[in-house]
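Student: Residue numbers (this note's numbering), protein chains in the order written: chain C, 1 to 313; chain R, 314 to 626.
The set of hints was computed from the structure by calculation and includes no laboratory data.
None of these values were measured; they are calculated from a predicted model.
Treat the hints with care, since some could be wrong.
[Unchecked claim] Below, computed lysine to aspartate or glutamate pairings styled on DMTMM-like, alpha-carbon distance capped at 25 Å:
(1) R:K509 x C:D30
(2) R:K451 x C:E200
(3) R:K342 x C:E200
(4) C:K138 x C:D272
(5) C:K109 x C:D124
(6) C:K29 x R:E426
(7) R:K342 x C:D30
(8) R:K606 x R:E583
(9) C:K138 x R:E448
(10) C:K29 x C:E113
(11) C:K196 x R:D343
(12) C:K138 x R:D343
[Claimed, not checked] Which stretches of chain C does chain R cover? Using the computed rule of at least three CB atoms under 8 Å from a CB of chain R, they are:
(13) 20-27
(14) 30-41
(15) 45-59
(16) 118-125
Every residue, glycine too, gets a C-beta built ideally from N, C-alpha and C.
2 protein chains.
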Amino acid sequence: MVSEFQFINHVKKRFSLDHLGDDCAVLAKDAATDLLITADILIEDIDFRLEWATPEQIGHKALAVSLSDIAAMGGTPTGALLSIGVPQELWGDGFAERFYNGWHELASKFRVELVGGDTSMSPDKFVVDSIVLGEVPKGTAVLRSGAQPADAIFVTGTLGGPHLGLRLLESQTPYSALQSIIERQLLPTPQVALGKRLRELGIITSMIDLSDGLASDLGHICEASGVGAVLEAAAIPIDPRLFEILSFDESLEAALSGGEDFELLFTVAESDVSILVDLSVTRIGTITSEPRKLEIIRNGNTEPLTPSGFRHF
Amino acid sequence: MVSEFQFINHVKKRFSLDHLGDDCAVLAKDAATDLLITADILIEDIDFRLEWATPEQIGHKALAVSLSDIAAMGGTPTGALLSIGVPQELWGDGFAERFYNGWHELASKFRVELVGGDTSMSPDKFVVDSIVLGEVPKGTAVLRSGAQPADAIFVTGTLGGPHLGLRLLESQTPYSALQSIIERQLLPTPQVALGKRLRELGIITSMIDLSDGLASDLGHICEASGVGAVLEAAAIPIDPRLFEILSFDESLEAALSGGEDFELLFTVAESDVSILVDLSVTRIGTITSEPRKLEIIRNGNTEPLTPSGFRHF
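Required output: the full structure, derived from the provided sequences and hints.
Tutor: What follows is the structure, encoded as structure tokens:
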């Protein structure tokens, strides 16, 4: 079984593609500006469920995941395209318009204009491909590939909430007190302003958004940068609401491998750490020199860190 | 039941979108250049069938339909993104790689580089969203909206072949002598060079690619330009292979409403018609002044022309 990552890596090697592998493609726009472009495909029953999410929430999330990619490059979003495949039974009942309303509400906040796209019938599942364009000053897009040994590793916000939100939705247990955590799953907030501010500091050596999960996404930075990393479990900013329901180990697991946090993971040289003092970011570890070697320090022990967390399942 | 066109028009009006409605969005790139961008979503069992098309053919067609949109603006394609949703049973067996090989073979011919995209699992159907970027000199993109009353209407190539190809595939009849016409359905050729040459002439008042069908796509030009049109049935360049199987009326119907010809439909002022003399294009009618009124002259009679052809079904 070939994983999505393996397939992408295989395609890159097979066809000598240089632009693939960051959150956005970076293309020359004009003398002062680079163009960013990203695409995210979301498919019913894989990436969302109609029984859990309203059409408006799906529209919001489709745009949010792409805005998060723009944020990870330090970019400013400018425009978007939206390709949708709509099953016949949803076509007539206002589903597509409600989807678009949710998309548009978030787009307005970020002044993102819809410039194109496509619509098609779909045999059974609702499908959306969200394409967002953005800009950065020439040569300043923050890539995954610049992390250096001894750099400090930081993350924005708190982690694990969206994963718990998904578990609550799956369990169908009424947790009305935890509606806010379900909304972190259904209505993610892309860290566009923070990503831009970090890029403007000029000290960020690598950055990625947390979509696959902290362990996986840290792995992508290490792969692209040819480095390793060690995290400190006690430093990871786990969403405190997780502890109301999960054990500490389960909460850590959710923060490491849950995914869909849409926070930013980035690295800076040790000498620049003090510049971040006013920002709500948390230091969680250090880049090491051995390529792809990921570790986590937990209860005084150093353990291997895998994409599924600190333990194999 | 809301049609795709009605939905798009509704979205445009509802949200005051200016860029929608041409084959590509036209965005400012730099002082000398405009950026074109188009997206086309193709979904298994709606836009293609795995029993009829090889993975390579689906890859070719996904790119060809987007290149045809670039051609319709007179643009030069530059880069592309590809978002695919792949069912689990196709993931491991090389389907995605064969799809990509077909995509890449056509991309190489047009020097289109893959710069990004996304991959996802899909519950059951293969889905692809093809995004292509292109360029034109600033302000020269040929829009749908410039047709003027008395302009001559032209089309490139021959029409109806892809529709007959589809019917042959559907009928499952062995027509090995007509394999070439099936390939017009499965392996369309985007008219990029001709579109660019037409744009460079500086005389094309409106242009669109023939994806929905001649009658529908002429309707889009008339809608965008606030004009009407009259076609001459006898002048329409019907693919001669159609007459081997279909009556003249059926062949005309296929040319008017079959769709997926991926030829170019365009208009020029009567005074500029002579400039086109060396190109393989055919004059098929004239723009008229009454908005949205489409007619066809057949056997000396002027009849209403509807998107489904010259006759209601």
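Student: Just pull the numbers of the violated hints for me, sorted ascending.
Tutor: 2, 5
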